[in-house]
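**Student:** Take these sequences, add in the hints, and give me the full structure.
Protein sequence lines, in the order shown, are assigned to chains A and B. Quick note: the first sequence, position 222, residue 221 per numbering that gives the first Met the number 0, numbers continuous. Quick note: the second sequence, position 57, residue 56 per numbering that gives the first Met the number 0, numbers continuous.
Rather than coming from a laboratory, the hints here were simulated on the basis of the structure. Treat the numbers as computed from the prediction; the structure is a model and nothing was measured. You can trust all of the hints, since none of them are fake.
Chain B residues, not near chain A, derived (Cβ > 10 Å throughout):
1) SER1
2) GLY21
3) ALA93
4) GLY97
5) VAL105
6) ASP111
7) THR119
The calculated label-pair distances, taken between Cβ atoms and stated as ranges, are:
8) A/SER167 / B/SER88: 29 to 37 Å
9) A/GLN218 / B/GLU107: 51 to 59 Å
10) B/SER64 / A/GLU290: 38 to 46 Å
11) A/ARG283 / B/SER92: 49 to 57 Å
Each residue gets a CB set at the ideal place from its N, CA and C atoms; glycine is no exception.
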Amino acid sequence: MSSTGELRHTALDALHRSLGATMTDFAGWDMPLRYGSERDEHIAVRTKAGLFDLSHMGEITVTGPQAAALLDFALVGNIGGVKPGRARYTMICRADGGILDDLIVYRLGETEAAASEYMVVANASNAQVVLDALTERAAGFDAEVRDDRDAYALLAVQGPQSPGILKSLTDADLDGLKYYAGLPGTVAGVPALIARTGYTGEDGFELFVKPEHAVELWQALTKAGEGVGLVPCGLSCRDTLRLEAGMPLYGHELSTSLTPFDAGLGRVVKFEKEGDFVGREALREAAARAEQQPPRVLVGLVAEGRRVPRAGYAVVAGGEVIGEVTSGAPSPTLGKPIAMAYVDPAHAAPGTSGVGVDIRGSHEPYEVVALPFYKRQK
Amino acid sequence: MSNPTALRYSKEHEWLSAAEDGVSTVGITEHAANALGDVVFVQLPEVGDSVSAGETCGELESTKSVSDLYSPVSGEITEVNEDVVNDPSLVNSAPFEGGWLFKVRVSEEPGDLLSADEYTAFSAG
Chain A
0 MSSTGELRHT
10 ALDALHRSLG
20 ATMTDFAGWD
30 MPLRYGSERD
40 EHIAVRTKAG
50 LFDLSHMGEI
60 TVTGPQAAAL
70 LDFALVGNIG
80 GVKPGRARYT
90 MICRADGGIL
100 DDLIVYRLGE
110 TEAAASEYMV
120 VANASNAQVV
130 LDALTERAAG
140 FDAEVRDDRD
150 AYALLAVQGP
160 QSPGILKSLT
170 DADLDGLKYY
180 AGLPGTVAGV
190 PALIARTGYT
200 GEDGFELFVK
210 PEHAVELWQA
220 LTKAGEGVGL
230 VPCGLSCRDT
240 LRLEAGMPLY
250 GHELSTSLTP
260 FDAGLGRVVK
270 FEKEGDFVGR
280 EALREAAARA
290 EQQPPRVLVG
300 LVAEGRRVPR
310 AGYAVVAGGE
320 VIGEVTSGAP
330 SPTLGKPIAM
340 AYVDPAHAAP
350 GTSGVGVDIR
360 GSHEPYEVVA
370 LPFYKRQK
Chain B
0 MSNPTALRYS
10 KEHEWLSAAE
20 DGVSTVGITE
30 HAANALGDVV
40 FVQLPEVGDS
50 VSAGETCGEL
60 ESTKSVSDLY
70 SPVSGEITEV
80 NEDVVNDPSL
90 VNSAPFEGGW
100 LFKVRVSEEP
110 GDLLSADEYT
120 AFSAG
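**Tutor:** So this is what it looks like as structure tokens:
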């Protein structure tokens, strides 16, 4: 399994094992892959609620008078423009424009006047890379970059029943909490940063708590969700949920060899913000290049048959390779295999005919569709 | 999980029933089905195909991965389970019963098939 020695364990490790979870090595962490059927877990999140342990995610705190200025320099987004209590999806790029990671940045603190404090949440596999880059880029700024990976456990409650479940455990104003916002509060007696974020395409909450409170909170959420179908969920269904929701995953849709413009996410790059930022020049060029000669486009593919496309499989049309699958899985919601793939612009329009995926030598027909595959009804 | 004692097992996690009129039934074990996760697609050999012990004769696709299906014995395929083609989840829900995969007229079997106890020890290790 792991070639790098000892796996790290979350504060919920013993609990996962008592629930019979199948564990897997994920970025050096021993994480629950699934508890029972990943399909059932997926459907529970779409129709009721699911409870996830995401404690492997990398939290980095940035504080100090120039915290916002540092983040504006280090990341491609306009972080100075984030209001207290709000969160933003952004990226950290290399000087050559390649994506180092995609991030969510939360601006903590309840008032404009409070000292600046931001929490940057990185993917588990990139947490060290992001920490190192932020630390290096902080030189010359009056700001502190702090590794808070061990300071937090992260639990997520996702699905249509999640607001009701959480409301029964907190006095926090959840109705006033918008999507991509976070507020400090108490859940089941446990101090938590309550964020209305997730990675499933459903309404839901992510709860950042001290590791010593994780078990207590998990048990309280389990109990509160008992009557409405809440189930523990592993990383396997999280992947099919985010795929249906058309959300990119680092290492699949995003990598250092792509700029945000190549990934179809050029909108996260804010050239209009004040001051320089790492990657600005290269990203300008990437934006111009994308306009002149459009890069491959990230599209959705839906299978007509039952064979599942996997990352790295060639997308074909008329006997030519026209793209590559970045993520693929059977979709529990659609009942068919689906994939995200980068394809040549000529074949990217929804409904383009004659597109297939080379599945171990056989060209299986696929329909090109716009992303996402699934959008929740509000 | 308990492995039926009436069956024999391969190290590739297939089970093989005792032959009736020279024909044995083949499936994958509960241990293998659990390791695969939800099976969503099976590609089985065709009736009349010749299969060889230890060689691939199909595919089992689950949510996260695709695995080769091996035949534990050599012989000729006499029947495939169409129910499992139509509903691959039978491999997970009833690996030793409704989730059987194919029947084979055995011409030769390798000497290293395991008893239930031996397989239980093998798959635990």
